[in-house]
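Chemist: Here is what each chain is made of, one letter per residue.
There are 2 protein chains.
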Amino acid sequence: MTTIRKAAVLGGGVIGGGWVARLIEAGIEAVVYDPDPQAERKIRAVLENAERAMLKLTLAPRGELAPWRMAATVAEAAEGADLVIEAVPERVEIKHKVYAEVEAVNAEAVIASSTSGIMPTDLQAGMKHPGRLIVAHPFNPVYLLPLVELVAGRETDAKHIEWAKGFYAELGMYPLHCRVEIEGFISDRLQEALWREALWLLHDDVATADEIDAAIAYGPGLRWAQMGTMQTFHLAGGEGGMRGMLAMFGPCLKWPWTKLMDVPELTEAFVDKVGDQCDRQSGNLGPRDLEKIRDDNLVAIMQALRANGWGAGKVLADYETRLFAKKPAPAPDLSQPFETVATVIPADWTDYNGHMNESRYGQLFSDAADGAMRLVGADQDYIAKGMSYFTVEIHIRYLEEANAGDAVRCVTQVLEGRGKKMRLFHWMYHADGRLLATGEQMLIHVSLETRAACDPAPEVLAKLEEVAAAHAALPLPDGAGRAVGQKPG
Amino acid sequence: MTTIRKAAVLGGGVIGGGWVARLIEAGIEAVVYDPDPQAERKIRAVLENAERAMLKLTLAPRGELAPWRMAATVAEAAEGADLVIEAVPERVEIKHKVYAEVEAVNAEAVIASSTSGIMPTDLQAGMKHPGRLIVAHPFNPVYLLPLVELVAGRETDAKHIEWAKGFYAELGMYPLHCRVEIEGFISDRLQEALWREALWLLHDDVATADEIDAAIAYGPGLRWAQMGTMQTFHLAGGEGGMRGMLAMFGPCLKWPWTKLMDVPELTEAFVDKVGDQCDRQSGNLGPRDLEKIRDDNLVAIMQALRANGWGAGKVLADYETRLFAKKPAPAPDLSQPFETVATVIPADWTDYNGHMNESRYGQLFSDAADGAMRLVGADQDYIAKGMSYFTVEIHIRYLEEANAGDAVRCVTQVLEGRGKKMRLFHWMYHADGRLLATGEQMLIHVSLETRAACDPAPEVLAKLEEVAAAHAALPLPDGAGRAVGQKPG
Chain A
0 MTTIRKAAVL GGGVIGGGWV ARLIEAGIEA VVYDPDPQAE RKIRAVLENA
50 ERAMLKLTLA PRGELAPWRM AATVAEAAEG ADLVIEAVPE RVEIKHKVYA
100 EVEAVNAEAV IASSTSGIMP TDLQAGMKHP GRLIVAHPFN PVYLLPLVEL
150 VAGRETDAKH IEWAKGFYAE LGMYPLHCRV EIEGFISDRL QEALWREALW
200 LLHDDVATAD EIDAAIAYGP GLRWAQMGTM QTFHLAGGEG GMRGMLAMFG
250 PCLKWPWTKL MDVPELTEAF VDKVGDQCDR QSGNLGPRDL EKIRDDNLVA
300 IMQALRANGW GAGKVLADYE TRLFAKKPAP APDLSQPFET VATVIPADWT
350 DYNGHMNESR YGQLFSDAAD GAMRLVGADQ DYIAKGMSYF TVEIHIRYLE
400 EANAGDAVRC VTQVLEGRGK KMRLFHWMYH ADGRLLATGE QMLIHVSLET
450 RAACDPAPEV LAKLEEVAAA HAALPLPDGA GRAVGQKPG
Chain B
0 MTTIRKAAVL GGGVIGGGWV ARLIEAGIEA VVYDPDPQAE RKIRAVLENA
50 ERAMLKLTLA PRGELAPWRM AATVAEAAEG ADLVIEAVPE RVEIKHKVYA
100 EVEAVNAEAV IASSTSGIMP TDLQAGMKHP GRLIVAHPFN PVYLLPLVEL
150 VAGRETDAKH IEWAKGFYAE LGMYPLHCRV EIEGFISDRL QEALWREALW
200 LLHDDVATAD EIDAAIAYGP GLRWAQMGTM QTFHLAGGEG GMRGMLAMFG
250 PCLKWPWTKL MDVPELTEAF VDKVGDQCDR QSGNLGPRDL EKIRDDNLVA
300 IMQALRANGW GAGKVLADYE TRLFAKKPAP APDLSQPFET VATVIPADWT
350 DYNGHMNESR YGQLFSDAAD GAMRLVGADQ DYIAKGMSYF TVEIHIRYLE
400 EANAGDAVRC VTQVLEGRGK KMRLFHWMYH ADGRLLATGE QMLIHVSLET
450 RAACDPAPEV LAKLEEVAAA HAALPLPDGA GRAVGQKPG
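Protein chains in written order, with numbering that gives the first Met the number 0: chain A, 0 to 488; chain B, 0 to 488.
The following block holds chain A by itself, in its conformation from the complex:
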């Protein structure tokens, strides 16, 4: 398996910029070539969006971003690259020219074209080493959408497709191997069919851009975010499933419910009509505003699906599991309070007062208690065996406000750890050192079967007593033992 340390990205548009974001997130250096003098600025804008989205997307420990830079030529970018990602315009002759420039300086790296639908066999024609050309077709925004279609051309070495499945999955993506080479692959053939019909509806004045989009986003689109058209219609058939659906709606396939396969001519007047309607549709929102809204929605949808363990949400959950596994907690120094939470506050934790909602302080202290539980061995496996700790009481002091994007950490002292009892004291700190809140929390060990208090397993109790004994030497924290409204001191 080739380890990718440095990748060339040829073409710095929306797609190329998105690839740069995915690469540096994974710790892979990116070197970009794009003849557009504005390219560097545009990539920076994409990277800002990507960083903003990642902060909201996940609380998993992200690695350090790798560096990226512009190169003056294709050769400069490609030389020494372990992977070459091509994202230049959809014209075969431009792509061929770029590949020739790559091959002049790099004979080894896989060349992965981002083409939306040109056959890899056509792309690799004339290459010196055609076996290394694959299609890896992503979707905008590349830094958020998991789908990447992998397609081999007739001369592609199959081992590169196998390698790509692992590589793109490692980036947090969902590689879909399109086993049959066909123009437009799978996803864009489906999108293109819908897109052609949409253009006809607009062209024939049946509907405006706004109405065409409403007809998707308030209905079928909500289904397509989680199931495709096959599974959706499998359910539309009721108890008869897909067979029932085909019996019911099969006849409609003979009716003129679409206007394909020809397509309106893109005259200047028609392009203006489409462009004007799309501008009007977006009102005062420019592309950059809309991108942020789109990303917030995508993040929220993917998080929603993650909570249900489904589709794109499951891809995200698996990715996070790997991130957590890469950064295991070090064994703490028991002579001090130990770190139990280190995270960044997501945007949707803020409330109408413009700061982190009070209940989220409680959530972070709940996470801190989980950290203490893990430390004494009451971890996921332990819980799966039917035992856990329940919080019976908590006292929180809110000392400072916290905002979305703030890095915060909790450290925890064990005040009491014997028998069924675990009493903890948490401090929540901002990355700038400010104390944001404290929490004093009493937990009781329980059986998840009887839901009643019971003694912990001996090894958990032993570890808890060890930590409690070590922490007994620490001073009682300021604020411990306090009731609401009690005067300090």
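Treat the hints as calculated values from the structure; they're not laboratory data. Please note: incorrect hints may appear among the correct ones.
Said to hold, decoys possible - Pairs of lysine-lysine residues, derived as DSS-like cross-links and limited to a Cα-Cα distance of at most 25 Å, are as follows:
(1) B/K127 - B/K96
(2) A/K291 - B/K313
(3) B/K158 - A/K486
(4) A/K419 - B/K486
(5) A/K486 - B/K420
(6) A/K420 - B/K486
(7) B/K291 - A/K313
(8) B/K291 - A/K486
Given the coordinates of chain A, work out where chain B should sit on it, guided by the hints.
Modeler: Below, chain B without anything else, positioned relative to chain A:
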């Protein structure tokens, strides 16, 4: 504007059952005719799904469900109905026969066909009162998806379309008026184009049902849940918007990226192939399991979009606002603690211990404090003017577990209300009377501009003092003034 008290639903399949759910949710009695002896059982299954989804979807106060029943004939269902919803199979002759039976007993009610694409002009041909026939085309699951397409036939009285816009919006839906009558209307033309291409891909063995769906659900589908294809491509064009997109991808429209408009013949062998693949795709999950997963995902997606105030989420938020407005809080009896929260616990509030996560108790007490704030006039308008209360301290006792679907309420006593201070005591009760938790909470009045403590507006302070004076006569609640781990008594 006609007030709808009773509606006939003709056809009790997936769509008819979904309409029954929407209707009774809105307090409209439904009378269903369906010749299938299994219809009543199937409708019950749909209603169970709908109830399950609504419990998860919203915390807004839902009204009482209206009753529904089966009728033995079309005439029995239609007689006296204020609205007739037709959801019978997609065959014009069946629909004509049903309309004739309706017209024999009911000359007034609007007849709303759920057809997916038959032209209303064809449907109303031969009717005695064709002016009252409209198309109101919903999407499965009808009880969750907001989209409903409204289409008039040549003889439809325009006032019925105007009425329908208001009526379906009142049900929490998004009415899309399809201004031009065309087969398949807008949404199904778009869906049908994609669906035909999907059938070809499967027919030609380019991809399996599973791969076809992955090509949507991990990529374009995540975009379509929030923006349609026009706005999506407007963004794919980068800074050039839709015009840039057309310049970039316009040429591809001339390439054979789709295979339409003809469609594979539905031979027995091909139906089996599609059906088999859809069965395999779903693994052990039957249609009923999949429906629940789909609904959970839809609920989560719509809630995610609601948090961002976008698309289907905005429709939901507007609907909830109306529900809240319909049920204003009565002026409380100040000689007693007053109700500040009444809600049902959503499924995603539970954690790995199988009960409501501790932080959500804090969230409900935060909501209870909002209730107390509203009572003293520190409401949304007040906050918009730049003043609010911040929690500085809370003490929570967790007395009993709570589970998803549990109805809970909070009542609140003002322990202290003078100057900048508001100290509250909340009790959280299960609907069965059990005390689940108590919370003692200190809030301080602040300026949202300076983020520092300041005096409340005089009218807020006066009201707070009035409530505090009334509550001063109440005994100090059990648990007030308590520190964590303190012995009772």
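Chemist: With reference to the structure, classify each hint as holding or not holding.
Modeler: For each hint, the structure was consulted:
no.: 1; hint: B/K127 - B/K96; verdict: holds, 13 Å
no.: 2; hint: A/K291 - B/K313; verdict: holds, 17 Å
no.: 3; hint: B/K158 - A/K486; verdict: violated, 68 Å
no.: 4; hint: A/K419 - B/K486; verdict: holds, 16 Å
no.: 5; hint: A/K486 - B/K420; verdict: holds, 14 Å
no.: 6; hint: A/K420 - B/K486; verdict: holds, 14 Å
no.: 7; hint: B/K291 - A/K313; verdict: holds, 17 Å
no.: 8; hint: B/K291 - A/K486; verdict: violated, 52 Å
Violation of the numbered hints given earlier is confined to hints 3, 8; the remaining hints are satisfied by the structure.
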